[in-house]
Amino acid sequence: MKLTRRDLLWGAAGTAGLLVTPVPWKLLDDVSIWSQNWPWIPQPTRDPVEVKQSFCTLCPNGCGMRVRMATGWPVGVAGVASHPISRGALCPLGFGAHQLNWHPQRLRTVRHRANSSSWQAATAAFAKACSEGPIAIIDGYPGRAASSVFQTFVQKRNGSYRTVSGPETQALASYESWSGVPVAGLGYDLENAQTIVSFGAPLLDGWGTPGRFARLWAERAAGSTDPRLRLIQVEASLSRTAARAWQWVPVHPGSEAALAAGLARVLLEERLVRAGGPMPPMTLAQAAEQTGLSTGAIADLARTIVARPPVVAIANDGNPAIAALNVVLGAAGACGGIVRKSKHAESYASADTGITSARAVLIDASVPWDFTPPTNAEVFRFAASDGGSGAADWLLPAPGFLEELTDVPTAPASGIATYAVAPSLLKAPPEVHSAAEFLGGIDPALITVEKVIHTRCADLFRGRAGILQGQETTPVSKCSSVQKLEEQLWKGAVWIDEPPRSAAFRCELKEWPATADSAQSVGSSSWNWSKAWRAPVLPPLATKLYLESSLREAPDRRNV
Amino acid sequence: MNARYGMVIDLDRCTGCGSCMVACAAENNVPSLPQASPRTGITPMLVRKVSNGMEGGAQREVFIPIMCMHCEHETPCVSVCPQQAVEVDKATGIVMQMPQRCLGCRYCMTACPYHARYFNWWDPAWPVGMEKSLNPGVAVRMRGVVEKCNMCHARLHSAMAKAAATGKREIDPADYVPACVEACPTVAIRFGNLADQNDPVSHEAQSPDAFRLLARLDTEPKVYYKSKEAWVRALAESKSANAEVKHG
Numbered sequence: 156m157k158l159t160r161r162d163l164l165w166g167a168a169g170t171a172g173l174l175v176t177p178v179p180w181k182l183l184d185d186v187s188i189w190s191q192n193w194p195w196i197p198q199p200t201r202d203p204v205e206v207k208q209s210f211c212t213l214c215p216n217g218c219g220m221r222v223r224m225a226t227g228w229p230v231g232v233a234g235v236a237s238h239p240i241s242r243g244a245l246c247p248l249g250f251g252a253h254q255l256n257w258h259p260q261r262l263r264t265v266r267h268r269a270n271s272s273s274w275q276a277a278t279a280a281f282a283k284a285c286s287e288g289p290i291a292i293i294d295g296y297p298g299r300a301a302s303s304v305f306q307t308f309v310q311k312r313n314g315s316y317r318t319v320s321g322p323e324t325q326a327l328a329s330y331e332s333w334s335g336v337p338v339a340g341l342g343y344d345l346e347n348a349q350t351i352v353s354f355g356a357p358l359l360d361g362w363g364t365p366g367r368f369a370r371l372w373a374e375r376a377a378g379s380t381d382p383r384l385r386l387i388q389v390e391a392s393l394s395r396t397a398a399r400a401w402q403w404v405p406v407h408p409g410s411e412a413a414l415a416a417g418l419a420r421v422l423l424e425e426r427l428v429r430a431g432g433p434m435p436p437m438t439l440a441q442a443a444e445q446t447g448l449s450t451g452a453i454a455d456l457a458r459t460i461v462a463r464p465p466v467v468a469i470a471n472d473g474n475p476a477i478a479a480l481n482v483v484l485g486a487a488g489a490c491g492g493i494v495r496k497s498k499h500a501e502s503y504a505s506a507d508t509g510i511t512s513a514r515a516v517l518i519d520a521s522v523p524w525d526f527t528p529p530t531n532a533e534v535f536r537f538a539a540s541d542g543g544s545g546a547a548d549w550l551l552p553a554p555g556f557l558e559e560l561t562d563v564p565t566a567p568a569s570g571i572a573t574y575a576v577a578p579s580l581l582k583a584p585p586e587v588h589s590a591a592e593f594l595g596g597i598d599p600a601l602i603t604v605e606k607v608i609h610t611r612c613a614d615l616f617r618g619r620a621g622i623l624q625g626q627e628t629t630p631v632s633k634c635s636s637v638q639k640l641e642e643q644l645w646k647g648a649v650w651i652d653e654p655p656r657s658a659a660f661r662c663e664l665k666e667w668p669a670t671a672d673s674a675q676s677v678g679s680s681s682w683n684w685s686k687a688w689r690a691p692v693l694p695p696l697a698t699k700l701y702l703e704s705s706l707r708e709a710p711d712r713r714n715v
Numbered sequence: 003m004n005a006r007y008g009m010v011i012d013l014d015r016c017t018g019c020g021s022c023m024v025a026c027a028a029e030n031n032v033p034s035l036p037q038a039s040p041r042t043g044i045t046p047m048l049v050r051k052v053s054n055g056m057e058g059g060a061q062r063e064v065f066i067p068i069m070c071m072h073c074e075h076e077t078p079c080v081s082v083c084p085q086q087a088v089e090v091d092k093a094t095g096i097v098m099q100m101p102q103r104c105l106g107c108r109y110c111m112t113a114c115p116y117h118a119r120y121f122n123w124w125d126p127a128w129p130v131g132m133e134k135s136l137n138p139g140v141a142v143r144m145r146g147v148v149e150k151c152n153m154c155h156a157r158l159h160s161a162m163a164k165a166a167a168t169g170k171r172e173i174d175p176a177d178y179v180p181a182c183v184e185a186c187p188t189v190a191i192r193f194g195n196l197a198d199q200n201d202p203v204s205h206e207a208q209s210p211d212a213f214r215l216l217a218r219l220d221t222e223p224k225v226y227y228k229s230k231e232a233w234v235r236a237l238a239e240s241k242s243a244n245a246e247v248k249h250g
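Residue numbers (this note's numbering), protein chains in the order written: chain A, 156 to 715; chain B, 3 to 250.
So that you can see chain A by itself, here it is in the shape it has in the complex (with noise of 0.2 Å):
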């Protein structure tokens, strides 16, 4: 067929009067969303999303948590503001913590030795350990019914019980063995300080309950020259809290002791503290020479931190110096300081020490992975993701986020005793079990984690005090039975005890407490931890902020 200039323009005309209708508009768009569905693009549920009030168990802070579920997943979370201390906060972390039960890293099958094993065969060596000799039990957040359990278990085996701290509790510890109060019964009362000196705590970056200390800030001290809370942060390096800080106070690493040393002699020797208590033996120009800053500046910066009482220091770690400075400045025991929130809290033993003789070690999930135990015994370790450290015998898949019921008890930094129960809105895998579960298995007659939650319950209703906080405030007197207390707490509700009536406490401190660091060995031990870093299992939208951002550099990518 001979293609003549009629036939073409008829072709021409043809198309533009295709192109003016929306047919090929119309085929392209659906051509597009066509290959938006190919099988293997996974597509979000159509169910409807209920909401449900729960709390955040990754850390032992127990921010209130609103997660959305479809299809009887969690599809999102959100923050609860009328949560009495994270006020509607979240870390980065809990955004991202309904994606970790399906973490790559996810435990899902018991391993004995790096091989595979069984249930069975775990439970039948931990009961022969347990016949064989003494047993200890690590826990990393005690206080909750789970504690309970671990307690009644190795009671009745003559075990030993132990727990691993957070910073924030070893930063309690020195008030512990001067006044005699459990570190559990000790908090900060940072909504009545006027002037916060923080020697390298991260206050504005995960320390404590994040949103309590961030809301704080924000209400009183953002974008302020003058602010009512004058944060003071003491630190080597321009961190996210010193960036933010009133005023940034760079030392020399390792020397935050020296610098509370300096900063105690200037306060007693100029009598700039009515406190008192004794005189630190090192010389305010050893101090300036090891912290690198000028004697005039420590001297500075001594008369600015008592210029807006009250004023309390925080340490991140158990350096007693700074507790001593604490004591120094009257911060111990007293009204915008370090306050007694609760008389009736345990003292807990340390995991590293008084293990070593025990058969057999059981660790909990709650215990983080970058401890491990200081023993030779069979270590049978529960998590519910392989944090690829910390050698133990036995590795025991636990229950992911949401998937076991628990209570959250006050957190450690928290001024006010508080009490919440995070009931389990998701299934546990068949596979899974928690460390009270596999010690019922072994002693059936062991008190289970819900008869404990209702003895709590129970005591909580029969005390008459303090109030629930939920959607709305209900004082427990008001309650009319322990099965209405209870309903609430598990609909979300947080109990709040009351202000104790006296948070003073006495701290007797009879000579400055010897410390050991040095900012070259300190300097040293920061610079391994960084070489031995490896990444934590993370939420993986959390880990996209270490891959696809310059925001949180991992310590291998950082100029330390």
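With the C-beta cut set under 7 Å, the calculated list includes, among others, these residues of chain A facing chain B:
id, residue
1, ASP184
2, ILE188
3, PRO197
4, ALA225
5, ALA233
6, TRP257
7, PRO259
8, ALA377
9, LEU393
10, ARG395
11, ALA697
Have a look at the derived ranges for each label pair, beta carbon to beta carbon:
id, chain 1, residue 1, chain 2, residue 2, range
12, A, GLN198, B, ASP220, 33 to 43 Å
13, A, ALA279, B, HIS117, 57 to 67 Å
14, B, GLU89, A, VAL186, 16 to 26 Å
Keep in mind the hints are simulated off the structure, nothing from the lab.
Backbone N, C-alpha and C fix where the C-beta goes; we use that ideal spot for every residue, glycine too.
With chain A's structure known, arrange chain B on it following the hints.
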């Protein structure tokens, strides 16, 4: 509806925690792919760290959340899109991106003065089972399209549906809050209707400390920033001699 939705971000309150980034990614079903890098990942909300360039104790840093600025005037990405896949919604002022129309030419990415657009290099994928945790309100986008902040438009749809169900024509402002605003622990990011004189956000946008990034381009962004520090305000026009931006 005749709104002009916008944000005022108080940089003096931003601690750089990154909660807004994670909440944004979770809300919008953004995958976390191991092969993604700072240049190829999708971060509709990206917090950048900026230093004043000084040394020692004089060094200061500020964190600047960057997202689509929802330019009102001569919107650069709208002008260059050959597919009409980008448009400014007349009812809300939100710059909308329609992945169904997008061909992936990336002209809009080149045109955007804020580098707030991201190309979707890979098929979205999650570890086995994690697709159950996807937000039902937001469709998963395919490989080969450009992505950006749409002020959590799915939440606006939900608010409109809720209003319609109760016979109302206007939404309750409390029902439409983008994920980043909801997540900010220091309430640094505030959201509201800039066209409403009674909205506190429209007042904040007029404060002497408020500024817009690259305002000289006259694109009238609807995302405002606030800071009392002069060196931070100087960043807005990229005129600070010493400032050093750490790019994500």
